[in-house]
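J.: Sequence:
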Amino acid sequence: MLIISVWRALSHHTNLSTTLPLLKKTYNSTSLLLYSSLNRMATEADFERVKARADLTEKILADLQGQIEAIKKAAIKKGGLSEEGALIKENGELKKEIESIRAALILAEIGNGVRQFQLPSKSALSAVGTAKSVVSTNLVNGVKQESVDEKSKVQKVEVAGKKTKQNDTEPPNAGGKKAKTDKKEKGEEAESKGGSSSKKKSATAAEDDSGDAALDVSRLDLRVGKIVSVEKHPDADSLYVEQVDVGEGRNRTVVSGLVKHIPINAMKDRVAVFMCNLKPAKMRGVLSEGMIMCAVGAEKTEILVPPTDSVIGDRVTFDEYPGTPDVQLNPKKKIWETLKPDVRTNADRVATYKGAPFNIKGKGFVVAPTLANTQIS
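Quick note, in the numbering used here, the sequence shown goes up one by one and the last residue is 377.
Derived by calculation from the structure, the hints in this document are not laboratory data. Please note that a few of the clues may not be correct.
[Stated by the list, open to error] Taking lysine-lysine pairs in the DSS-like style, the calculated list, with each CA pair at most 25 Å apart, reads:
{"no.": "1", "residue 1": "Lys279", "residue 2": "Lys232"}
{"no.": "2", "residue 1": "Lys333", "residue 2": "Lys354"}
{"no.": "3", "residue 1": "Lys89", "residue 2": "Lys361"}
{"no.": "4", "residue 1": "Lys333", "residue 2": "Lys279"}
{"no.": "5", "residue 1": "Lys332", "residue 2": "Lys282"}
{"no.": "6", "residue 1": "Lys72", "residue 2": "Lys59"}
{"no.": "7", "residue 1": "Lys340", "residue 2": "Lys282"}
{"no.": "8", "residue 1": "Lys268", "residue 2": "Lys363"}
{"no.": "9", "residue 1": "Lys332", "residue 2": "Lys354"}
{"no.": "10", "residue 1": "Lys354", "residue 2": "Lys282"}
{"no.": "11", "residue 1": "Lys340", "residue 2": "Lys95"}
{"no.": "12", "residue 1": "Lys354", "residue 2": "Lys334"}
{"no.": "13", "residue 1": "Lys279", "residue 2": "Lys340"}
{"no.": "14", "residue 1": "Lys340", "residue 2": "Lys260"}
{"no.": "15", "residue 1": "Lys354", "residue 2": "Lys300"}
{"no.": "16", "residue 1": "Lys300", "residue 2": "Lys96"}
{"no.": "17", "residue 1": "Lys279", "residue 2": "Lys334"}
{"no.": "18", "residue 1": "Lys282", "residue 2": "Lys260"}
{"no.": "19", "residue 1": "Lys300", "residue 2": "Lys333"}
[As the list claims (entries may be wrong)] So the derived label-pair ranges between C-beta atoms look like this:
{"no.": "20", "residue 1": "Leu215", "residue 2": "Asp235", "range": "19 to 27 Å"}
{"no.": "21", "residue 1": "Asp319", "residue 2": "Glu231", "range": "37 to 45 Å"}
{"no.": "22", "residue 1": "Lys89", "residue 2": "Glu109", "range": "29 to 37 Å"}
{"no.": "23", "residue 1": "Ser100", "residue 2": "Gly257", "range": "21 to 29 Å"}
{"no.": "24", "residue 1": "Gly85", "residue 2": "Ala214", "range": "47 to 55 Å"}
{"no.": "25", "residue 1": "Ala213", "residue 2": "Leu107", "range": "36 to 44 Å"}
{"no.": "26", "residue 1": "Ala213", "residue 2": "Gly285", "range": "28 to 36 Å"}
{"no.": "27", "residue 1": "Val311", "residue 2": "Gly257", "range": "21 to 29 Å"}
{"no.": "28", "residue 1": "Gly85", "residue 2": "Asp269", "range": "39 to 47 Å"}
{"no.": "29", "residue 1": "Gly85", "residue 2": "Ala236", "range": "39 to 47 Å"}
{"no.": "30", "residue 1": "Glu337", "residue 2": "Asn265", "range": "28 to 36 Å"}
{"no.": "31", "residue 1": "Lys89", "residue 2": "Lys279", "range": "43 to 51 Å"}
{"no.": "32", "residue 1": "Glu93", "residue 2": "Ala213", "range": "43 to 51 Å"}
{"no.": "33", "residue 1": "Ile264", "residue 2": "Ser377", "range": "16 to 24 Å"}
Where a beta carbon is used, it is the ideal one built from N, C-alpha and C, also for glycine.
Working from the sequences, and respecting the hints, build out all of it.
T.: Structural data, given as structure tokens:
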């Protein structure tokens with residue numbers, strides 16, 4: 001429209017002096033209009049492009065933020081697990097250190113004459129409760145009921161030709177034969193009573209060695225003894241040779257392989273438990289007359305400790321196994337080798353045989369300084 005107006009003006013005004021300013025004005029107006037239109041179009045395109053880039057940037061930032069959060073969570077979880085493992089390891093080391101200090105304290109107290117008292121554990125208390133319940137089941141209205149085992153014991157034949165209770169209740173045979181037999185048996189019994197004490201001892205030893213004796217820990221002669229002197233074996237670097245007082249009026253020679261486990265200054269004047277009825281045997285040329293009892297762990301070996309008020313010669317007994325020790329164990333029967341797997345310390349470090357504690361009557365139990373649930377040898 002602007003161009004048409006200019007054309008009309010030119011057709012009516014032929015004077016160039018008036019026409020040129022008009023053309024110039026028209027040109028300037030047209031240039032401004034075109035520049036304004038082009039500028040507006042460029043601004044809208046740039047805005048759309050910037051907006052698209054901004055949206056893309058926000059999306060990228062959101063993705064990065066999510067990845068950062070995931071990495072943080074994974075790092076926290078991993079750090080927590082590693083810290084937990086470190087704490088568990090540290091707790092284990094502290095427990096070992098505490099047990100070591102406790103063992104050293106016990107040994108120091110024993111050396112200074114401080115009495116040690118073994119507190120009952122939960123397992124021991126539960127065992128006592130079980131025993132009480134068993135006793136109560138054997139009582140009905142205050143009357144003890146005989147068990148099958150007790151009845152069988154009553155029916156057992158007595159040793160040395162004595163009559164059984166069954167024979168006492170049987171009527172005599174016809175013709176007085178039974179009476180004659182009884183007289184003969186009484187005569188033999190009187191003759192046997194008049195025998196010498198040496199014969200009785202030999203009979204007792206033979207009975208101990210017989211297969212009729214119960215195979216349990218009562219066969220072992222375990223006694224409290226004191227190491228009065230100790231030196232290294234002249235022909236074996238890993239062996240000690242000890243002189244031990246076990247209350248016999250003379251010292252026994254005991255050879256033990258404790259050089260790598262117990263320093264020699266800790267052996268001198270040590271009070272321990274010794275097995276005294278092993279058959280004497282030479283160890284690298286030195287005759288050994290016993291064995292010191294130890295708890296043997298994977299990493300260390302500890303000498304068993306009797307109660308503090310024990311005296312030399314005190315015997316270790318077992319309430320559940322009240323038998324008499326053999327004079328000397330027959331090595332061919334491998335009695336100790338058979339019993340050994342059941343001789344262990346329990347969770348409270350008490351030395352036991354099948355759960356029955358090593359007991360010094362009226363004084364307490366034999367214990368290991370630190371080793372629990374460990375083989376005794």
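J.: So which of those numbered hints doesn't the model satisfy?
T.: Going through the list in order, the structure violates hints 3, 10, 11, 19, 20 and respects the others.
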